Amino acid sequence: MAETEISKMRQRPIVRLGVLLISHSVLVSVVCFTAGVLALLLLPVLAKNTYISENALMPGSASSMLSNQEISEANKLIKELTSLSSKPSGAAIEIQGLIAHYMSSLDAEVNYHKFHPQLNQFHPLHFFSSPDSGVMQENSSCSLYGINIVGIIRAPRGDGKEAIVLVTPYNSVKSSVNEALSLGIAYSVFSLLTRVTWLAKDIIWLVADSQYGEDVPVAAWLRGYHTPAFSNLGTLNTETCHDSNNIDVLKGSPNLETKISNGFRRSGTMAAGLVLKVAYRNEIEDSLCIHAEASNGQMPNLDLINIVNYLAVHRQGLRVKVDKFWSLLNSKFLKILGDLFELVGKLVKSLNPDCKFGIPAVDYIEGAATLASSLYYQALGAPTGPHGAFRDYQVDAITLEISPHISFNKDRRNDFLLQGARLVEGVVRSVNNLLEKFHQSFFLYLLTSPSKFVSVGVYMIAFALLVAPLPVVAASLYAETHDLFPTSEKDRSATSDDLSSVLGSWKWLNSAKTTFVVHIWGAIVSLLPYFISHNSNPTANFRMWILLSVASHEILRWILGSPFSHICGRPQGEWAVLKSVTIFSFFIGLCLMSVINFATAEIGALLMVPMALMAHPLKLDIRSRSFKSFLRAICNVILGVISFPPATFFVLKGIFEGSFSGTNVGDFWNWVESLWAWNSATYLYIGMVHLPCWVLCVYILLHPC
Amino acid sequence: MESKKAEKRSEIKQTSSFWVWVIASVIFRLILIYFPQNLNLSSRPEVSTPLTSLRRLAEGYWLKQSSMSPYSGSMYHGSPLLLSLLGPLTVNGIEGQPNHLQCGLLFVLADVVSAMLLRATGQSLQMSYSRSLKLLGLVQLSKNSEMLSSGDIAALVYLWNPFTIVASVGLSTSPIENLMIILSLYGASKRLSSLAAFGWVMATHLSLYPVVLIIPLIFLLGYGPDGPPRKLFLQRRCIKDGTNPISDNFCQQDELLNQSNLPVTFSWKPVIHFLFWVSVWSVYVMVLCGMSVKQNGGMWEMFKSTYGFILTVEDLSPNMGVLWYFFAEVFDFFRNFFLIVFHVNILFMILPLAVRLNHRPCFLAFVYIAISSMLKSYPSVGDSALYLGLLGWFVFELADMQFSFFLFCGYVGVSILSPVMHNLWIWRGTGNANFYYATAMAFACFQIILVVESVSAVLNHDRMLRKLSVTDP
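Going down the list, the sequences are from chains A and B. According to the numbering used here, the first sequence holds residues -15 to 689 in order. According to the numbering used here, the second sequence holds residues 4 to 476 in order.
The set of hints was computed from the structure by calculation and includes no laboratory data. Treat the hints with care, since some could be wrong.
Heads up, simulated SDA-like pairs for lysine to any residue below, C-alpha to C-alpha not over 25 angstroms straight-line [what the hints assert, rightly or not]:
| # | chain 1 | residue 1 | chain 2 | residue 2 |
| --- | --- | --- | --- | --- |
| 1 | A | Lys421 | B | Asn426 |
| 2 | B | Lys16 | A | Trp542 |
| 3 | A | Lys145 | B | Trp430 |
| 4 | B | Lys16 | A | Trp490 |
| 5 | B | Lys137 | B | Leu462 |
| 6 | A | Lys497 | B | Glu332 |
| 7 | A | Lys421 | B | Asn164 |
| 8 | B | Lys234 | B | Val458 |
| 9 | A | Lys497 | B | Asn164 |
| 10 | A | Lys497 | B | Phe31 |
| 11 | B | Lys146 | A | Ser489 |
| 12 | A | Lys497 | B | Trp430 |
| 13 | A | Lys421 | B | Pro321 |
| 14 | A | Lys497 | B | Ser418 |
| 15 | A | Lys497 | B | Lys470 |
| 16 | A | Lys421 | B | Glu332 |
| 17 | A | Lys32 | B | Gly434 |
| 18 | A | Lys497 | B | Ser19 |
| 19 | A | Lys497 | B | Thr18 |
| 20 | B | Lys16 | A | Lys145 |
| 21 | A | Lys421 | B | Val458 |
| 22 | B | Lys470 | A | Ser489 |
| 23 | B | Lys16 | A | Lys32 |
| 24 | B | Lys146 | A | Leu493 |
| 25 | A | Lys497 | B | Lys234 |
| 26 | A | Lys497 | B | Arg431 |
| 27 | A | Lys497 | B | Leu35 |
| 28 | A | Lys497 | B | Lys16 |
Given the structure is predicted, the values throughout are model-derived calculations rather than measurements.
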């Protein structure tokens, strides 16, 4: 006895700390989880004001050179476009010709880029490969094609190794006034930039043919831009599609032929991309909406958003917004929280006037709604606009959506054009000053308003607190089972004759096998939609998916052994080891996902960690007949139902939309399909981490102890 | 009679299930080899190092065909023998099939042969171990040790280890290096001196680091396979004979005279044979190499761009080891100093480990391989696959290993995290080299823990044996 005490005394402090944590695992997990949720709710309060980190940018230091002359030219273009698009048919080619003509009349190099829209295809390993792989467009059909118009201004002071890209989506088949306005803004900036002397980076203006969606033409052009045509793959592609030479028709007038080329014109590496859009939103004042989320929750450098925000607010007097969940603005819960935080802030301030903590309740609610949408759109993994395609090539890009005043008429149009064009000019001039890539400011952040952000160092805390209980609980469960069934030497040599005694400390292998089988099943489930997606009815597809998943689960269990058929005795402790392995695998999955897409991991942790921590065999709970265990059983059942991914989806949807009516089983299928159409890592997370963890938790709940 | 029949039946069932798993692993590999374009494994830094990459070998072969030195241009750094062996396979593929198919099939074959050798070695190790346990009078333990056939486990662990699969499908030459190492261990455990010498010479020629294995090989040939500490036998016999255990000297001599087949004595004959064969094989290999590189560059250039390349860590492209980042950061005038420090690090551990574990030469070989695969200049997953396979031989001894679950989770986590970090750094640009290097360091830490824990588990096992053999009648 004394000897063991001494040996305990001798243990190093870090080991003792670990033992202490493990022995109080329940307390630790409750405290950590609550703290994690609290930290998440505190994020809007902890958000810092943005600042421009790169000194070279110098936004707004030069006065705008854009005058009414450019605006009137742009007005002319808009007028011609609207008159052309009001024609019934055949106007598409004429419109494209008109835009190209306008571009080349400004002494810009112009070329047409013809592309074939690719059908959405699922590349499960896309994340791990370079963006260029999968260039080959296998199932593009020749009859479908779009034509982008690209204009390039060569910078007088540059060496042609860098470029800034302006993108205006324009649907030549079904055009609208908005798109004509955005073209007008871009045109006025473009015409100014052909004449300025300070330009050090080439300007590329891409009029993206958006008849197949706004993202497709930009992605196709970028792919073409970054795939050097050493081999004759490009020519091969056009040769396979012999169609009417529309492009030749476009090059009708002979005096333009010198400037408009059919070949791919390139400039240097892209410093930034700006996508311009105009939208009518019935705003009270002129406003600007910034969309920044690219695929898999990647964000452009914060400096890009900062300069846009700075110029829009301080120079042009626009109201800047980012996406937010409007339904959250009326949330009672957030209001109470906001009041509470305001009160705490006041209290802190009365104690220590230097301390800046707490924001007004209204700001808190706004911040929380913005933060929620920021998290959600990052977690979705699908880009929120055409700028998403740029991020795949490590180019920082954002979409600027300018919406005019509600009483928008002819007289205000010039003002509006001037405002928008000056904003774009200012941004281009700032980026033009840049000496290197954007690197000074943050890449990993969440926005709580256009001028406030939460950096990775702060929001990681919330996630770390959420997942911290996982290894602690897993270790404590594992240690418990080992203490329960000690495998001392005498015990082994004397009595036992079965396999488990020989396995010694490797007994977890059986549970690891179960976990592994379930994860393989998860991989199969995530691959299944690849085979059943030709059916167009989402509800039927969903049912098919569920059916096939269950079938594959049964088959796998039959082949690789059912999880409960267990030869080597001692089933009492088995569920605990299984839970421990489950929690560890979930922990690894969450940590991995937090590196790939933080927002997904955060939301996933919120949804699944309680279930993973609580899971306990129902049979044991019912058998023990105490109030506590009964409560735990009920909690487990509720959590078990809610944590099933489709159930979670419908519950959350119901909460955010306010009503459960009109939800359709097919909705989930559509949502999932949108995920894999964008090659989102969230899809893989759901299939290979979240769902297997849920299944394993259900195994534990139904364990026949 | 009945029980014996049942035993035999279960044995047959076990072996048949073993073969099913072997065949399944081969089929799995063949499927993966057929679709390599999707996986693009051969360009992963974890799989193909500058030394083992088949693409570099093809480049070297092309240079040689156009009568240039294969080592010009710092592309190829492997052996010239490998070049003439594998080179033709990289060029002329089977009609209508991808070019790499023949090499892929060769690597699969190498994997299967390695697994068979592992199995045979494991079985002989197990037999000798249980025999020596019986000699010590620990019948129950020896029965227990026979319960798990460690040879089968080692072979299956080697075949189904994702690292091995990735290394052979990813077209790196490490399956052949591993085969040579396993061949030498097999030869030594069966006391086939010439085979052991051939394996050792080839392995050293291919990747230099197996040179340290000469110590365990000599022990293995001299003392025989792994057994309990030799002192136990002496004590045991003295007690049995009823003589006073204090007069150890006398009793030892007595035993030496009586029974020379016991694992107590060091037999010099196979060792001398081994050394003789080593010299024969190394002369042979040198002559072959000399013939192959005679026209272009000669032997000196070959040594400079193979062994020199390994020892001076010229290529600093990222891999899963710990040296590249360090030597990318270190000042140039400290470079030589740290090169010496890092390489002596491996040599430092050789002597103490050899003294402490001389009664378990195979385990000693495992420890050496693990340490060198951790500290070598261009490690790949193939090296880790080898020592994880060897770990299967010691299932019985390592049954009470601590942290086994923790280590397993660590290996899984790191091997998934590493490609993601690489992607973040290279493709997405949101991470940097530190992210990737952090996973490399974590991997090195887990390897260290594995070595430390396995060694301490084996030493604990020895202690337990001593206790039991002293207390048992």
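Hint by hint, here is what the structure shows:
Restraint check for Lys421 (chain A) and Asn426 (chain B): the C-alpha separation of about 19 angstroms stays at or below 25 angstroms, so the hint holds. Of the supplied pair hints, the one linking Lys16 (chain B) and Trp542 (chain A) holds, its CA atoms being roughly 19 angstroms apart against a limit of 25 angstroms. Only pairs whose Cα atoms come within 25 angstroms are accepted, and Lys145 (chain A) paired with Trp430 (chain B) is accepted, the gap being roughly 21 angstroms. Distance restraint check for Lys16 (chain B) and Trp490 (chain A): the Cα-Cα separation of roughly 23 angstroms lies within the 25 angstroms cut-off, and the hinted pair is therefore satisfied.
For the given pair, Lys137 (chain B) sits about 20 angstroms from Leu462 (chain B) by alpha-carbon distance, which is consistent with the 25 angstroms threshold. Between Lys497 (chain A) and Glu332 (chain B), the direct Cα distance comes to roughly 42 angstroms. Violation of the 25 angstroms bound is thereby established for this hinted pair. For the suggested pair Lys421 (chain A) and Asn164 (chain B), the alpha carbons sit about 42 angstroms apart, so the restraint of at most 25 angstroms is broken. Between the alpha carbons of Lys234 (chain B) and Val458 (chain B) the distance comes to roughly 19 angstroms, so the proposed pair stays at or under 25 angstroms and holds.
Between Lys497 (chain A) and Asn164 (chain B) the alpha-carbon distance is near 14 angstroms, which keeps this suggested pair within the 25 angstroms criterion. For the hint pairing Lys497 (chain A) with Phe31 (chain B), the CA-to-CA distance comes to about 18 angstroms; that is within 25 angstroms, so the pair holds. Between Lys146 (chain B) and Ser489 (chain A), the direct Cα distance comes to roughly 19 angstroms. Compliance with the 25 angstroms bound is thereby established for this hinted pair. For the proposed pair Lys497 (chain A) and Trp430 (chain B), the alpha carbon gap of about 34 angstroms is over 25 angstroms, so the pair is violated.
The straight-line distance between the Cα atoms of Lys421 (chain A) and Pro321 (chain B) is roughly 23 angstroms, inside the 25 angstroms bound, and the hint therefore holds. Of the pairs offered as hints, the one joining Lys497 (chain A) and Ser418 (chain B) holds, with about 18 angstroms between alpha carbons and a cut-off of 25 angstroms not exceeded. A hinted pair counts as satisfied when its Cα atoms are at most 25 angstroms apart, and Lys497 (chain A) with Lys470 (chain B) does not qualify at roughly 35 angstroms. Taking the CA atoms of Lys421 (chain A) and Glu332 (chain B), the gap is near 23 angstroms; set against the 25 angstroms cutoff, the hint holds.
Pair hint Lys32 (chain A) plus Gly434 (chain B) holds up; C-alpha atoms about 23 angstroms apart against a cutoff of 25 angstroms. In summary, the hint linking Lys497 (chain A) to Ser19 (chain B) is supported, as the alpha carbons are separated by about 21 angstroms, within the 25 angstroms threshold. Pair hint Lys497 (chain A) plus Thr18 (chain B) holds up; C-alpha atoms about 21 angstroms apart against a cutoff of 25 angstroms. Between the alpha carbons of Lys16 (chain B) and Lys145 (chain A) the distance comes to roughly 69 angstroms, so the proposed pair goes past 25 angstroms and is violated.
Using a Cα cut-off of 25 angstroms, the hinted pair Lys421 (chain A) and Val458 (chain B) is violated, with the two alpha carbons roughly 50 angstroms apart. A C-alpha spacing of about 21 angstroms is found between Lys470 (chain B) and Ser489 (chain A), which places the hinted pair at or below 25 angstroms, so the restraint holds. Restraint check for Lys16 (chain B) and Lys32 (chain A): not satisfied, since their Cα atoms lie roughly 67 angstroms apart, outside the 25 angstroms limit. Between the alpha carbons of Lys146 (chain B) and Leu493 (chain A) the distance comes to roughly 22 angstroms, so the proposed pair stays at or under 25 angstroms and holds.
Annotation: proposed proximity of Lys497 (chain A) to Lys234 (chain B) is violated, straight-line Cα distance about 41 angstroms (limit 25 angstroms). A threshold of 25 angstroms between alpha carbons decides the hint, and for Lys497 (chain A) with Arg431 (chain B) the separation of about 34 angstroms lies outside it, so the pair is violated. Distance check on the hinted pair: Lys497 (chain A) and Leu35 (chain B) sit about 22 angstroms apart at the alpha-carbon level, within 25 angstroms; holds. Of the supplied pair hints, the one linking Lys497 (chain A) and Lys16 (chain B) holds, its CA atoms being roughly 21 angstroms apart against a limit of 25 angstroms.
Violated hints, listed in ascending order, are 6, 7, 12, 15, 20, 21, 23, 25 and 26; each of the other numbered hints is respected by the structure.
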